[in-house]
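K.L.:
Protein chains in written order, with our numbering: chain A, 1 to 86; chain B, 10001 to 11011.
To be clear, the hints were calculated from the coordinates, so they are not data collected in a lab. Here a beta-carbon is modelled for each residue, glycine too, at the ideal position from N, C-alpha and C. One thing to keep in mind: the hints can contain errors.
What the hints assert, rightly or not - Per label pair, the in silico range of CB-to-CB distance:
(1) A:Phe83 - B:Glu10389: 52 to 62 Å
(2) B:Asn10941 - A:Ala40: 28 to 38 Å
(3) A:Phe83 - B:Asp10339: 51 to 61 Å
(4) B:Ala10536 - A:Glu15: 47 to 57 Å
(5) A:Pro52 - B:Arg10804: 26 to 36 Å
(6) B:Thr10168 - A:Cys36: 57 to 67 Å
(7) A:Gln25 - B:Asp10456: 36 to 46 Å
(8) B:Gln10510 - A:Pro52: 35 to 45 Å
(9) A:Glu15 - B:Pro10956: 39 to 49 Å
(10) A:Cys36 - B:Gly10493: 29 to 39 Å
(11) B:Ile10962 - A:Phe83: 34 to 44 Å
What the hints assert, rightly or not - Output of the computed footprint for chain B on chain A, the stretches with three or more beta carbons under 8 Å from beta carbons of chain B:
(12) 30-38
(13) 55-64
(14) 76-83
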Amino acid sequence: MVIDTEKIEEPKSPEKPQEVPIDWQANIIAFACHYCAFAAADLAGVMRLRYPPNVKVVRLPCTGKLDHVYLLRAFERGIDGVFAAG
Amino acid sequence: MTRITPKQENKDSIGSVLVVGSGIGGMQAALDLANSGLMVHMINDEPSIGGTMSRLDKTFPTGDCAMCMISPRMVESSRHHNIKMHTLAKVVKVSGHEGNFTATIEQKARYVDPERCTGCGACEPECPTKVINIFNLGLDKRKAIYALFPQAVPNTRAIDPVHCLYLTKNVCRKCEKVCEAKAINFADEDQLIDLQVGSIILTPGLKTYQPEIRQELGYGKLKNVVTALQFERLLSASGPCSGTIARPSDGGHPKRLAWVQCVGSRNAHNGNPWCSSVCCMYAAKQSIIAKEHDNEVQSTVFYMELRAFGKDFDKYIEKAKNDAGVIYKRAMIAEIVEDPETKNLLIHSVGEDGRSVKEEFDMVILSIGFEPHNDAAEFAKIFGIAADEHGFAQTSKLRPVDTSRKGIYVAGTYQGPKDIPETVIQGSGAAAEAMALLGDRRGTEVEEVVLPEETDIEGEESRIGVMVCHCGTNIAGTVDVKKVAEMAAKEPGVAHSETIIYACAPDGQQRIRDLIKEKNLNRVVVASCTPRTHAALFQDTIREVGLNKFLFELADIREQCSWCHMHDNENATHKAIQIVNMNIAKTKLLVPVTSASVGVTHNALVVGGGIAGMRASLSLAEQGYGVHLVERADMLGGLLRNVRTNLEGDDVQAFLADVIQRVINHPAITVHLGTTVEKVDGYVGNFQTTLTNREIVSHGALLIASGGEEYKPIEYGYGQSDNIITQRELETLLAGKGPENDKCYVMIQCVGSREEPNNYCSRICCQDALKNSIAIKEKAPDAQVVVIYRDMRAYGLKEDYYRRARDLGVLFLLYTPDEKPQVDVAGDKVKVTLPGKVLGMEMAIDADYLVLSTGLRPQPDGDEFAKKFKLTCNIDGFLLEAHVKLRPVDFPSEGFFLAGLAHAPKNLEETISQSLAAAGRVGALLSNDKLTVSGVISKHNRNICMSCLACVKKCPFGAPFIDVDGRVSHNEVKCTGCGICAGVCPAKAYQVNYFRDDQLLAMVDSVTDMT
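So that you can see chain A by itself, here it is in the shape it has in the complex (with noise of 0.2 Å):
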C-alpha cells in the first residue's frame, strides 16, 4: 500500500492569528507574597523606580498561598499574564 503523502496536512489551529494594536497593552495580575515581593512592589515606589502601570498586585501572606485556582480564574477570565512572586 502506498501512502498518498498529499493527503497528510499539517493540523491548522482554529485561531486565526490577530495583529497585535500598536497601543494593546497586556493586562496582568501579580500575586506577592507580602513579606518578600509585596515589600519589593513597595521599595520599587520608595525608589521611584518607574514600571508599567499595567499590573495590579494581589496581595498573599506567603506565595505558597498561591493556589490553581486563582490563576485558572485569570486566564479564564482573559487575564493576558500572570506574575507570581515570592
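Put chain B on the given structure of chain A with help from the hints.
P.N.:
Below, chain B alone, put in the same frame as chain A:
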C-alpha cells in the same frame, strides 16, 4: 527560669516616667516605656508633638516622607492608654531622688479647650492677625489661632497670646463667634502641676545655628539664600509652597542649586566647634529630592569633608553623584554675592587647583548645624544635671544615656549631634535604663484599656466606606483621587466614598471613626500607602468604634501606583481605580476574625558574648528577665578585648572586666560558652532553641549581637616589615614601650574600606587614628605624625579631637582613591610617597612606622548564620534591620532584635547605646504576660478533610499533625497564616482568615472585569 523581681533599694519608687520632649526620640522612649507597663508623662513646649522630624520633607535612604513615618508614631503616642501628653508645657522644678521624683510642670494656657475642639479649623480664616510661621521657619505666615502644622497632635488649635488681639488689646474675639464647638476659652490660665515619677528622660531636641552671624554668606539679606531646614519646608508637600520649590525672591523654579556645608559647624570662631553629623547626608538627600521634583535641577555641594560614616551612607552619596548628577566640590566659600537684577547668587570659592572660581546659582542652601536646645543651660540647672563645655548633657562614653544625676537619662541631640536612627536608638536605650530602675513597678500606675463591644455585623448587607488619601501631593500629585473616590462609590457594597488629605493624621483617623458611626458603615477601605506600615493603625481606629479589625483593607495606591507612575497621571489614575476596586471586592466578603492570645516566656536568648550582648543581657536581667547568653568562643568579651582606650580616654579594659564580672555574677544570666545556636523553633513569646551542646532553652525573644571582625590587611606591604602595623597593634605598642620622640609615624586611612569589594566606611578608623596620634604627640611632642586620609570622619563631638590633633602638630594629608600612596620597604624605614596637590609635586616621607587604619568586617560565616535565623544581610554582609530610620534594632521577624557590629561598624559608645536599645525593645516585649496572636491563621475544617497528609508534609511550622484518632488536626498556635496548607489541600479544607479563597478570587474577578 521564671521572672525575677529585681532588688530595689528605694521601696518608694514609682512606676511612671517623665519624658521631657516629644520628638522622635521622646516618642520612642515613651512608647517603649508605655508598652512595658509603665505610666508615661510626655511633655512638650510646643502645641504639637513631633519635634524636628515633623519639619522634614523626606528621609534618606528610602526617600520616605518623614511625615508619613512620624505621623503613625504621633498618633500611637497620643492614643496610647499609658501615655499622658502635656503640650505647651515645661518643667520648672525637680525634687526627689532616683525612683521618686516630683516634677513641677508649668502648663501654658492654650485658650482652646482640647476636649471640645474638633480641629475643624473654622476659626483660622476669621482671625485677623497674621504671625510669622515658626514651623515653616518664617517662609510664610500663620494666624494667631493656629495648629503648628496640618497633622498636629493633639489636633486642636492653640491661641498665641503674644499676638492675639483680644489677649493683647482686648478687642476681636472673632474665633469665639465662629467656633461651633464652643472650644475657645479666653479665661484659660497657666497652671502648675506636680507629677510624681520614678525616672526622667530628657529628649528636648535641638536648635539650629543662626547663619546671620556669618555675614559673608548673606543669609537674612539675600532672599535666595535659605537654610537647609527652610529648604525642607520648601520641598514639603505641606510646606509654604505645597511642594513645588519656589524661589523666595520671585517664586520661580530654581534650576541651579548650591549647598554650602558646615555652616556654623566645625568653626569655633563664629560658629560651633563640633561637627553636626547629619548635614553631609541631608544635603545629599535634598539634592536627590530636588532632582526628583524637577529633572532640570543641577545641584552642587561645596563641602570640606564628606562625612558619610553610617551604614550604607557612602552608597547614598554615590547615588547622589551618579543618579542625580550632583557635583561635589571640596571648597570653602569665601563669599556669596547677589546679582541685583536677577537676584541670582554668585559664589566665590577656591578650587582644588588653588584658583579662585566664581559660579552663578539660582538659590543657595546653607547646611546649618545643630546646637543644644535653647534652654539647655537652664535645663541643666532645673534637672540638676551636668552639662559639657558646649552645653550638651554630659554623659560618659561607657554609659551614653545616663546623666550625672541618678534616675535621669538623656536621649537624642541633647546628648550630642546625631541623626534619626541614633536618636531612636537612644530613646529605646534610655527607656531600657528606666525599665531597669523601675522593673518591679511595672503595671502599678497604668489602667487597663476598655474597648467597646464589637458590633455584630452578621447577616448585614455590606456597607463599605472608602477613603482615598491625597497623602499631600504624594498620591494626589499623580492620581486623580477624586475620580478614584467617584468610581469607588459605584462599586457594589460601597455605602460611602470620599477623599481625605492625610488619612493617617489624627483628623483623618477621627473622620474615619465619625463616618463609621454617621453612615453606619460595617467595612472600611482606605486607599493610601502600603498595608505593611499603616494597616495596623487603621485597624485600631475602626476597632475603637466597635468594628472588628479585619473588616478593613488598605489599597496601596502610593508605593505601588503614584510613586512608580509619576508624570503618567492618566494611567496611574486608571490603575489606582483598579487597585481600589479590587480591594473593595475583597472587603465586601470580609468577615470578623477573632484573635487568640498566648503566654510569654519571660526570658531572652542573647547570641554573642561581646560587649553588645553582655550589656544587653545585664540590662535585661536588671529589668527582671532571665537571660541565656550564648558565646561561641570560650571566653566573653569579643573584639573589645583588643581595645585599650577609646578616643575620649576611658579605660576600656577596666570597664570590660567589670561588665564580664557582673554578667557572670548575675543570678538571672546563664552564660553558655563555646556554644552556638543549632536550631530555633517556636514563635514570638515562645521560642525553643536548641544549642550546639544539645541543651534546649525556652525564651520569648531573641537578640542577635554576633559582632564582626577586624580586617587583616593585605595592602601597603603589611606583613613585609615589622614596622608596618595596624592601628590596633600601634595601640599595644604605645601601651608597651610608648611613643618615641625621634620617630616618624605615618598612618594611612581607609585601608580595605570604601572601595570594592568592601565599599563601605568602617566608621571607627578615623577615631582610632586620632586617638593614637594624640597619644603619641602628648607623650612625645617631637615625634612626627602624618595621617594620610580621604575624609577625616571625626563626626559629632569627635571634631574636638581632630582639632586637638592638629593643634598638637599632627599633619593631615589628603589622598584620593585613584592616586593612593605608594609604600616601599627599605631596611628599618618605610618610604611613603604620595602626590602633593598643593605643591604640584610628589612628596616622600620616611616613616619609622607605617600604621594602617583597617576597618571592620562582618562575621565571615555571616550568610550561613543569617540563614539559620531566616534573616537577611545588606550587600556588605551586615544584618538588615526592620526599618533604617524608625526600627533600627528590630528585625522584620517578630521577636528578633539586633545590636552591635552585626548591624554595621560602630564605636563602643554607639554599640552600648544600641545594645541598651535592643534590651529596651526586648524588655517591652517580655513585659507582656500574654501576646495577642495575629488573627491571620489557617482554619481547618475537619468535616471535609480527607487526612491525605499533604498539609502535614508541607507545613514548615509543624502546625497540622496526626491526632489521636488518626486524622489530621491543626495546632493554630504554631500557625503563621502562610497558607501553604491551603495551597496544597486538594479538598480545600483549609481557609486562611482574611485571605480566604472567595476573597482572593473576588480580587481576581475585579481585575479581569476592568479590561
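K.L.:
Look at each hint and say if it fits the structure.
P.N.:
Verification of the supplied hints:
1. A C-beta distance of roughly 60 Å is found between Phe83 of chain A and Glu10389 of chain B, which places it inside the suggested range of 52 to 62 Å.
2. One distance hint, 28 to 38 Å for the beta-carbon pair Asn10941 of chain B and Ala40 of chain A, holds here, with the actual separation near 33 Å.
3. With their beta carbons about 54 Å apart, Phe83 of chain A and Asp10339 of chain B fall inside the hinted range of 51 to 61 Å.
4. Judged by the Cβ atoms, the range 47 to 57 Å given for Ala10536 of chain B and Glu15 of chain A holds: they are separated by roughly 49 Å.
5. Here the CB-CB span from Pro52 of chain A to Arg10804 of chain B is close to 58 Å, at odds with the stated 26 to 36 Å.
6. At about 59 Å, the beta-carbon gap between Thr10168 of chain B and Cys36 of chain A stays in the expected band of 57 to 67 Å.
7. Taken as a hint, the range 36 to 46 Å holds for the pair Gln25 of chain A and Asp10456 of chain B, whose Cβ atoms sit roughly 45 Å apart.
8. The supplied range of 35 to 45 Å is met by Gln10510 of chain B and Pro52 of chain A, whose beta-carbon atoms lie about 38 Å from each other.
9. Between Glu15 of chain A and Pro10956 of chain B the C-beta distance comes to about 43 Å, which sits within the given range of 39 to 49 Å.
10. Cys36 of chain A and Gly10493 of chain B have their C-beta atoms about 31 Å apart, which keeps the hinted 29 to 39 Å range intact.
11. In this structure the hint that Ile10962 of chain B and Phe83 of chain A lie 34 to 44 Å apart at CB holds, the actual value being about 37 Å.
12. With 3 residues having a Cβ less than 8 Å from any Cβ of chain B, the segment 30-38 of chain A passes the three-residue criterion, so the hint holds.
13. Proximity of the segment 55-64 of chain A to chain B, defined as three or more residues with a beta carbon under 8 Å from a beta carbon of that chain, is established by the 8 residues found.
14. Check on the segment 76-83 of chain A: 3 of its residues sit with their Cβ under 8 Å from a Cβ of chain B, so the three-residue criterion for coverage holds.
In terms of the numbered hints stated before, the structure departs from hint 5 and from no other.
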